[in-house]
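**Student:** For reference, the chains in residue letters:
Protein chains: 2
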Amino acid sequence: MNSLASPDFAATMREVAAAVETELERLLPSLDDPAAKLNEAMRYACLGGGKRLRALLVIAGADLFQVPRGRSLRAAAAAEMLHAYSLVHDDLPCMDDDDLRRGRPTVHKAFDEATAVLAGDALQTEAFAVLADPQTHPDAAVRIALTAALARASGARGMVGGQAIDLAAEQRAAAGQPLSFDEIRLLQSRKTGALIAFSAEAGAILGGAGQEARAVLRDYAGDIGLAFQIADDILDEEGNAAELGKAVGKDAAAGKATFVGLLGLAEAKAKARALTNSAKARLAGFGPAAGVLQELAEFVITRRS
Amino acid sequence: MNSLASPDFAATMREVAAAVETELERLLPSLDDPAAKLNEAMRYACLGGGKRLRALLVIAGADLFQVPRGRSLRAAAAAEMLHAYSLVHDDLPCMDDDDLRRGRPTVHKAFDEATAVLAGDALQTEAFAVLADPQTHPDAAVRIALTAALARASGARGMVGGQAIDLAAEQRAAAGQPLSFDEIRLLQSRKTGALIAFSAEAGAILGGAGQEARAVLRDYAGDIGLAFQIADDILDEEGNAAELGKAVGKDAAAGKATFVGLLGLAEAKAKARALTNSAKARLAGFGPAAGVLQELAEFVITRRS
Chain A
51 MNSLASPDFA
61 ATMREVAAAV
71 ETELERLLPS
81 LDDPAAKLNE
91 AMRYACLGGG
101 KRLRALLVIA
111 GADLFQVPRG
121 RSLRAAAAAE
131 MLHAYSLVHD
141 DLPCMDDDDL
151 RRGRPTVHKA
161 FDEATAVLAG
171 DALQTEAFAV
181 LADPQTHPDA
191 AVRIALTAAL
201 ARASGARGMV
211 GGQAIDLAAE
221 QRAAAGQPLS
231 FDEIRLLQSR
241 KTGALIAFSA
251 EAGAILGGAG
261 QEARAVLRDY
271 AGDIGLAFQI
281 ADDILDEEGN
291 AAELGKAVGK
301 DAAAGKATFV
311 GLLGLAEAKA
321 KARALTNSAK
331 ARLAGFGPAA
341 GVLQELAEFV
351 ITRRS
Chain B
51 MNSLASPDFA
61 ATMREVAAAV
71 ETELERLLPS
81 LDDPAAKLNE
91 AMRYACLGGG
101 KRLRALLVIA
111 GADLFQVPRG
121 RSLRAAAAAE
131 MLHAYSLVHD
141 DLPCMDDDDL
151 RRGRPTVHKA
161 FDEATAVLAG
171 DALQTEAFAV
181 LADPQTHPDA
191 AVRIALTAAL
201 ARASGARGMV
211 GGQAIDLAAE
221 QRAAAGQPLS
231 FDEIRLLQSR
241 KTGALIAFSA
251 EAGAILGGAG
261 QEARAVLRDY
271 AGDIGLAFQI
281 ADDILDEEGN
291 AAELGKAVGK
301 DAAAGKATFV
311 GLLGLAEAKA
321 KARALTNSAK
331 ARLAGFGPAA
341 GVLQELAEFV
351 ITRRS
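Taken in order, these protein sequences are the chains called A and B.
For the first sequence, the positions run 51 to 355 when our numbering is used.
For the second sequence, the positions run 51 to 355 when our numbering is used.
Here chain A stands alone, though its shape is the one from the complex:
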């Protein structure tokens, strides 16, 4: 089956989450190895949870270009591995020092700190290994385009740079100088936006789409990435820990600049809605084929966790 045929979006998300779980299970290194503990930690970090938004972006984007599901699932798994690595490292005591993630102990709590550092390291490597493998696409030019795009999104100029800016922002907040809207926007576009944009574009790369279609999907991702972060701040303000599976109110309590803090709750909600509308409008040229991406744009601001 090569289209997301579920009758409703929640079912589509479950379908994709189940498929990418199976794919990750297959791709991650086995426990039958002298480094079994490392491999177990990699599996713990990647399996058994998460909304799999990045996987869904890859797969729904790839479906627009009739990419065989076997290929899009591999790219989706790579995006989820990269995301999982970033969470494992962000949760470390020297970073955000979180004990809970998706309702379970974080990797350094379930294992130990050294294993958490190494599991994150190896998950990053594995993401590149999966993209570089001929099973992802027979054409080397497509595989290297994916690899280059993932590296751009996730390095010092992308995700890791965003996390570094976030850490510096905490120190500024502690000194009474929280970030401005434009600064927090830049932080978000790198820390979470870059990998979301990669995920949205990956299917188009796999499908040999032209630069114009790729740019549309990147712009769509730019909108939903920011909407997602604003919604996160709203959930952090309004949500409860049981639904989120992590601590709430932490950012505000730390004096960190949040979109809610900068805009107020009402304006933050309006901004998130406007971004979702913009994201949906960008997809017009794809017609009904982009139905799942349309619903995904709605989901990022209506989700409860």
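I should point out that these hints are in silico values taken from the structure, not numbers from a laboratory.
Owing to the predicted nature of the structure, the values given are computational and were not obtained by experimental measurement.
Even for Gly, the Cβ is constructed at its ideal location relative to N, Cα and C.
Be aware that a few hints might be false.
Calculated pairs, EDC-like style, for lysine to aspartate or glutamate (alpha carbon to alpha carbon, straight line, at most 16 Å) [to be verified]:
{"#": "1", "chain 1": "A", "residue 1": "K330", "chain 2": "A", "residue 2": "E348"}
{"#": "2", "chain 1": "A", "residue 1": "K101", "chain 2": "A", "residue 2": "E345"}
{"#": "3", "chain 1": "A", "residue 1": "K87", "chain 2": "B", "residue 2": "E220"}
{"#": "4", "chain 1": "A", "residue 1": "K306", "chain 2": "A", "residue 2": "D232"}
{"#": "5", "chain 1": "A", "residue 1": "K159", "chain 2": "A", "residue 2": "D149"}
{"#": "6", "chain 1": "B", "residue 1": "K87", "chain 2": "A", "residue 2": "E220"}
Heads up, incomplete: computed chain B residues facing chain A, CB under 8 Å, no partners named [unchecked claim]:
{"#": "7", "residue": "E163"}
{"#": "8", "residue": "D171"}
{"#": "9", "residue": "T175"}
{"#": "10", "residue": "A190"}
Just a few of them, taken from the derived set where beta-carbon distance is under 7 Å, the chain A residues facing chain B [unchecked claim]:
{"#": "11", "residue": "P79"}
{"#": "12", "residue": "M145"}
{"#": "13", "residue": "A179"}
{"#": "14", "residue": "V210"}
{"#": "15", "residue": "Q213"}
{"#": "16", "residue": "I215"}
{"#": "17", "residue": "L217"}
Starting from the known structure of chain A, arrange chain B on it as the hints suggest.
**Tutor:** Okay, now just chain B, sitting in the frame of chain A:
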């Protein structure tokens, strides 16, 4: 200039170290960025030191196949970035907890722990970004072959897996069960051997060499990688901290299994010599063109630091 024309090996090493330093300087992200501290830590970790053995392996290997120096320098820089990332993470308090590296404070000492984790993360990404860039080779198939080989060498089945086995070995040593020769050999082949093998093979990949030549270079690297580690253990036993630029006698004091501990000093020296001789014999088919690789095999067991 596309051959290592220096009159003696020490001058060749200096020449390559200077060239790769310039290349790294050019490739690493600039300080003119909101993530300036991260980028500064990446530069601190990569620049200004090290024997650059991996870079020399890449370049001397590439010279066998008349690879333009601009290309081999990029692959050499990628190997050095990957190596630098591994050192930054291995030095962390939760891993080997080292304060000194190449005679300077380690990255988490010179900056902070969070920055050290992120700098290592971003250096890994950057290594893949460099290999994936068309400037490394115009043929996508060559670039993806390099990328895949680096991922294989450095992930859970390679370098990171080796470090995980090393951490487990320390716990076993503390419990009075140090590793056997075969176990420490496996550990070494993954922890340091895999990236050394990548470095030796990278030039052949860049030069479009056949599988036979690639296998010869991998086998050569297998010999010198093990010889290098045995020599390290000998230096750790006999050396002094000033020449090494790091603490000595630490492994033995920690009860860790070392080649010297397992074989005794005399047999360890004989084993290292035999491996160097084997490595040199493997290169016979390349004739005098492999002079630098011959000298490098000699260097790994005669070096003082």
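**Student:** Of all the hints given earlier, name the ones this structure violates by number, lowest first.
**Tutor:** Violated hints: none at all, because every hint is consistent with the structure.
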